[in-house]
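Visitor: Sequence:
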Amino acid sequence: MVPGAPGPAATAGTGPQALRHLSVLDSQLQLINANIYAALLGSGLTGCLLTWLVWLVNPDPLSGSWIEQGQRFVAWLAAGNYSVSAAGFEGVAVLRLHSASWLLAYLLVSLACALIWRYFWRRTGSIYSVEQTYRLLQALALAVGLCWGIGCGWLYQPESSAVTLGMVSLMGGLSGGLLSGVGVRARLYWLVSLPMAVGLVGALLYHGGEVNPVLPVALLLLLLSNGIFAHNTERHIGSTIELRFKNMFLVEQLREQTRVAEQANLAKSNFLAGASHDLRQPVHALNLFLESLSTTRLDARQETIVTHARAASLASREMLDTLLDFSRIEAGVMEPKPRTMPLAGLLRQLEDEYGPQADSKGLVYRSRDCIDHVYCDPSLLSLILRNLVGNAIRYTVRGGVLVAVRTRGTDKVVEVWDTGIGIDASHHEKIFHEFHQISNQERDHHKGLGLGLAIVRRLVDSLGLELSLASRLGKGSVFSLRLPCASPPCQPAGVNALVSPTFQPGAARHEASSLMGLRVLVVDDEVLVREGMRMLLGQWGCFVEVFRTVEGATRYIGDFDGDGPPFDLLITDFRLENGVTGHDVIRAVRAALQKLPDFADFDPPVVIVTGDTDPLRISQARGLGATVLHKPIDTQVLHAELAKAFAFKTSKNLLLI
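Each residue of the sequence shown is one higher than the one before, starting from 1 at the first, in UniProt numbering.
In case anyone wonders, no lab produced these hints; they're calculated from the structure. Treat the numbers as computed from the prediction; the structure is a model and nothing was measured. Mixed in with the good hints, there may be bad ones.
Derived Cβ-Cβ restraints for the label pairs, each shown as a range [claimed, not checked]:
id: 1; residue 1: V198; residue 2: N35; range: 21 to 27 Å
id: 2; residue 1: A114; residue 2: Q263; range: 32 to 38 Å
id: 3; residue 1: V397; residue 2: A309; range: 38 to 44 Å
id: 4; residue 1: R575; residue 2: Q357; range: 41 to 47 Å
Calculated pairs, EDC-like style, for lysine to aspartate or glutamate (alpha carbon to alpha carbon, straight line, at most 16 Å) [to be verified]:
id: 5; residue 1: K649; residue 2: D563
id: 6; residue 1: K246; residue 2: E262
id: 7; residue 1: K595; residue 2: D561
id: 8; residue 1: K644; residue 2: D603
id: 9; residue 1: K595; residue 2: E526
id: 10; residue 1: K337; residue 2: D377
id: 11; residue 1: K337; residue 2: E159
id: 12; residue 1: K649; residue 2: D601
id: 13; residue 1: K649; residue 2: D584
id: 14; residue 1: K595; residue 2: D634
id: 15; residue 1: K361; residue 2: E351
Note that beta-carbon positions come from the ideal geometry of N, C-alpha and C, so glycine has one too.
With the sequences and hints as input, model every part of the structure.
Guide: So, in structure tokens, the structure goes:
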């Protein structure tokens, strides 16, 4: 039986408890359906054995020719004495006739029961018809039981102990067989066994016989013990089935809660991605305006204000970059590329970058010299150590921070020590969870977002490294990162080659003359970003054309009639209005260039600038073959990309010469 959708009436009057009862009953009926045909077959074979026993105990009395046998049979019919206890031809013939008639009737009843059950079982589709099906099954069981009760009373022979013992034995075996067929519902067992017991025990008590004092009691005890066993079986199997449904219900609840949690997590991620994108736009524009303002003539007070404003902008950018790093890890775009690398250059860069921060807080920053090489991804290792060192300085009020390298067997262990607030043992695992901060209930932005150590954990796991923490509350902490040791290469790469350009400290101030004459095409739907790019790039000596839509950019290319290409560098946002993406801008601009005969093969550099941290969009942007920068941009990085485009332009001009 397959549970179907409940009808309106059934639903209205059926509660959870009743529905669970129906589900248990449905499962029990399915078990019975799996065994009922075998039970009916076994019962039919038992009937055949009983008939064969009667015929075996009572040999064929007919002898002589067929004519003589016919005459004797007709005379017996004419006499009208059909008693089963009659001797001779008459009694034996009656017994044989009775047994054959009963067997035929029983087999027909069993066949009818099987066909009726099969018909209704196949047409029962709703769980709310289970009780009607069960009532039908009870009626069929009672019909089978009555057949056996009639047969036991009709075929009993008080003068034959062999028939009596055989009948009792067969009834006992049939009673035991019922347990496997319908034992999951004790009522069905009694509906078959009680009529059978009444017929046989009644015959034993009524007719008497040689063994009747013991057999009725023994048979009743057997039926009673089997009945108790049937009740226990029904209770245990019912409990098991109900437990299964409870587990299924709990699993379904768990799936629903998991689905809700996943939806909430997705909503949170979408909210963070959207909020990050929306926040990055004005911060990016502010960064451009501040950089442009810093190149003008300012008095001392104005310089102080600009310095503080740039510091605030930098803090916002660092928090947004933390969200970006986390999104990159979630997107799986930070693929480890391990190689042999020296630790000296990385430690020196950490000291150059974080030493001044420690000095400003009155802390001592120390980094021990190291000539060791390890096998790791340089950029990911740099990001891990930057997060650890940044946290150490952020949560240390007095004392200092030490970055050291120790040897442990065949590995090198980079340790970041601090004399900060320490971490209670109960928080040693929680601090690696997203947005978990121990002492930042007031959400001070100077203490970050609580993603730094979550990023560290993800990166450590992706690199297959081991990170441990030891800390004493109020005394300080030490994070230990275990790295596989490596032999130095024959021609080791320079230190600067091992670290991402984003982390280069103390870059020299760029000069406007270095980009003089560079044509830059900017496509961005944010008006503040367009104006900021126009102002800053113009101060760097570039010719800047800014457009809100891709149609404006392609129109400019089509109408361009100056010397040289329409532009030397394309800077475009990744997500524009009306669903337009960086893909669309690049394809449209390249198609517009191909329409110009002199620049059909011109493929200028492309920089995609996006404030989107959605993992899918990050993966898409990285697949364009263009440089991807994230808002708010470090102006030094932007200047470096423009310098690359200027070098590309210069090389093209030299080739033309």
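Visitor: It remains to establish, for every hint, whether it holds in the given structure.
Guide: Structure-based check of each hint:
Under the hint 21 to 27 Å, the C-beta atoms of V198 and N35, about 25 Å apart, fit the expected range. A hinted range of 32 to 38 Å is violated for the C-beta pair A114 and Q263, which are about 51 Å apart. In this structure the supplied range 38 to 44 Å is violated for V397 paired with A309, their Cβ-Cβ distance being about 27 Å. R575 and Q357 have their C-beta atoms about 34 Å apart, which leaves the hinted 41 to 47 Å range violated.
For the hint pairing K649 with D563, the CA-to-CA distance comes to about 13 Å; that is within 16 Å, so the pair holds. This hinted pair does not check out: K246 and E262 have alpha carbons roughly 24 Å apart, beyond 16 Å. At most 16 Å may separate the alpha-carbon atoms for a hinted pair to count; K595 and D561 meet this at roughly 13 Å. Distance check on the hinted pair: K644 and D603 sit about 14 Å apart at the alpha-carbon level, within 16 Å; holds.
Distance check on the hinted pair: K595 and E526 sit about 29 Å apart at the alpha-carbon level, beyond 16 Å; violated. For the hint pairing K337 with D377, the CA-to-CA distance comes to about 5 Å; that is within 16 Å, so the pair holds. Of the pairs offered as hints, the one joining K337 and E159 is violated, with about 98 Å between alpha carbons and a cut-off of 16 Å exceeded. Simply put, K649 and D601 have alpha-carbon atoms about 14 Å apart, close enough for the 16 Å limit, and the pair holds.
A hinted pair counts as satisfied when its Cα atoms are at most 16 Å apart, and K649 with D584 does not qualify at roughly 24 Å. Restraint check for K595 and D634: the C-alpha separation of about 35 Å exceeds 16 Å, so the hint is violated. With a C-alpha separation of about 15 Å, the suggested pair K361 and E351 falls inside the 16 Å cut-off, and the hint holds.
In this structure, the earlier hints numbered 2, 3, 4, 6, 9, 11, 13, 14 are contradicted, and the remaining ones agree with it.
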